[in-house]
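Engineer: Sequence:
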Amino acid sequence: MPPTPSVFHAFGQSAALEIPGDGFTADDSRWRLREIHEPALAQWALLDTGHAVDVGAGFGAFALLFALAHPGWQVTCFEPEQSAFETLGRNIAALNLGGQVRAERAAILPGPGDRGLLRRDRKRPGFLSADAQQWQRGTRAEPFPARSAESLPDLAPTLLKLTAPGHERAILDAFGTALPPFVLGECWGAPPASTPVAQGMGRVHMPLAGSSWRLQDATGSAHPAGLDIVVAMYNSAATIVDCVDSLLQDAPPDQHIWVVDDGSTDDSAARLRAAFGDPPGLSLLHKPNGGCASARNWGRMHSRAAHIAFVDADDMVDPGFYAALLELARYSGQGAVQGAFQAFRDSADRGRVWLPIPEADAHVDLPRRPFGATQVFDVPWPEVVIGQPTIWRRVYRRDFLDGHDIWFPEHIRAFDDQIFQIVSGYHAGHVPARADLRYLYRQHPGQDIAQGDERATYSLEMYRLILRRAVAEGWSDFRPVAVSFFHTLEWSHAGLRPDLREGFLRGAAELWVYMLKVWGPDLEPFARNRALPDSFAREVKRVARQLDAFGDSYVFAYLDAPQMHVDMVRADLPA
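Residue numbers for the sequence shown follow the working numbering, beginning at 1 and rising by one.
It should be emphasised that the hints constitute simulated quantities derived from the structure, not laboratory data. These numbers were taken from a predicted model, which means no experiment stands behind them. Heads up, a few of these hints could be off.
[Claimed, not checked] If you anchor each label on the Cβ, the simulated ranges turn out as follows:
(1) 209 with 360: 38 to 46 Å
(2) 364 with 549: 42 to 50 Å
(3) 524 with 250: 35 to 43 Å
(4) 344 with 51: 30 to 38 Å
(5) 112 with 443: 50 to 58 Å
(6) 535 with 444: 46 to 54 Å
(7) 210 with 45: 25 to 33 Å
For every residue, glycine included, the Cβ atom is placed at its ideal position computed from N, Cα and C.
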């Protein structure tokens, strides 16, 4: 007795279809129609005629309902599993679609040959996958009829639907840059390269299996696909060639480097041109000296790509660093993604000395998930805010930065990355990360962070601006910023010249009281001032007594003090 057909609904059509095997096959097909196929087609305007190719057609849940909804289209189905293929044939006949739908028993696999190995899932025998490690429940691989993925472009599909676990990338790679106009499906294996899709060479809807991430086109974006890297350069003759050379190694094809010469007085620009000439992916901009923040903003305003990164001219990256992060950014859709960060210094007697990776222990317990051949994890925004400022190891979505008005404050000539890191971290919510590729940060004696002079006061100005911004934008939680504030105080105070410490602590104490008056006593447990002298606590009490009569109010975010401004501190120093 033949099985009772089951009714399926999709694309405004209904059809009674015979189903092979157990109930899983029906449930899985309904889930794909609802969660993948219908959302994709709902956002696309298809012509009245075309050619749809269904790879992994099963018993026809997608192909046959699609054919009913689009009677002017021809549909070609490929299904290697014998029971599913035979059921597909009966369903085509039952719906009188033989003139519109053609079925071939074959898997679509990379390479030549008319046979290919696939694994059945132990619990779902009709579900076939590539012979891949991540398919842990698979049985021994079996031979199935197959045809080469390289033959698909000859069919000239208008729409390509994929259910080919583990072979998605190979199938799409067979099309090169000439993707079908419409591609949908799910991705189990190595994520397909994003560049053709991001550049609008096809409309694509392909979520990663078990994830909300998906390969998606950039149609409707105000910015062209690509990655712009802004390199702020000032008197960097000794390092700029190594920096740019590292950015070019295994770079994404749509990367552009913008080197901003911030009024250098050495031969940095000449060395750059001598080493690389004037290639299309490298631009050199010149401007009067205005500080690193102005150089980064200047480069950003000249650039146009949908994603952007910032690099210092004395640093380097591992080969393929930004190519990998761009893939992560395009699949996740997040405002920021990041790689690992490792500092180093060059020693005359010991050569290159690598310093410990700062968050190696902090991130070890964060849940991992596969992303192609690597593992990725999400860094929660409090961890980003509390962590060491490392804005260079991230790729940002330009519209994310623009939408939240996140720029580098140009009146601040040191430590300008703190506010950028904290504000972008808060608005990102979480930052997808991978730890297998590194941004390489060069430490040397001439850096601002190593001077111990009045420029440390810039950090107070930074947190004052962050406090104002948090109030204006209605931040839901300021506690991670408080932790970051005390980390910065302890670090800055320890490196300050003795004659600057008292004034610095007065400004810090007053700013901390402002924070408490804005956010209330719930902020007090996050004061981590054990490494600060007792004079800090005394100054906090003194300022708190002075302001106690006024009660708590957001207005304290807009108060100020001379000790929070470098120019005022500098004016009081002995000549």
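Engineer: Give a verdict on every hint.
Structural biologist: Now for the hints, and whether the structure bears them out:
1. In this structure, residue 209 and residue 360 break the distance hint of 38 to 46 Å, their C-beta atoms being roughly 29 Å apart.
2. At about 49 Å, the CB distance of residue 364 to residue 549 agrees with the hint of 42 to 50 Å.
3. The hint said 35 to 43 Å for the Cβ distance between residue 524 and residue 250, and at roughly 49 Å that hint is violated.
4. The hint said 30 to 38 Å for the Cβ distance between residue 344 and residue 51, and at roughly 55 Å that hint is violated.
5. Separated by about 53 Å at the C-beta atoms, residue 112 and residue 443 satisfy the suggested range of 50 to 58 Å.
6. For the pair residue 535 and residue 444, the supplied restraint of 46 to 54 Å is violated, since their beta-carbon distance comes to about 33 Å.
7. Separation of residue 210 from residue 45 is about 30 Å and conforms to the stated range, judged on CB atoms against 25 to 33 Å.
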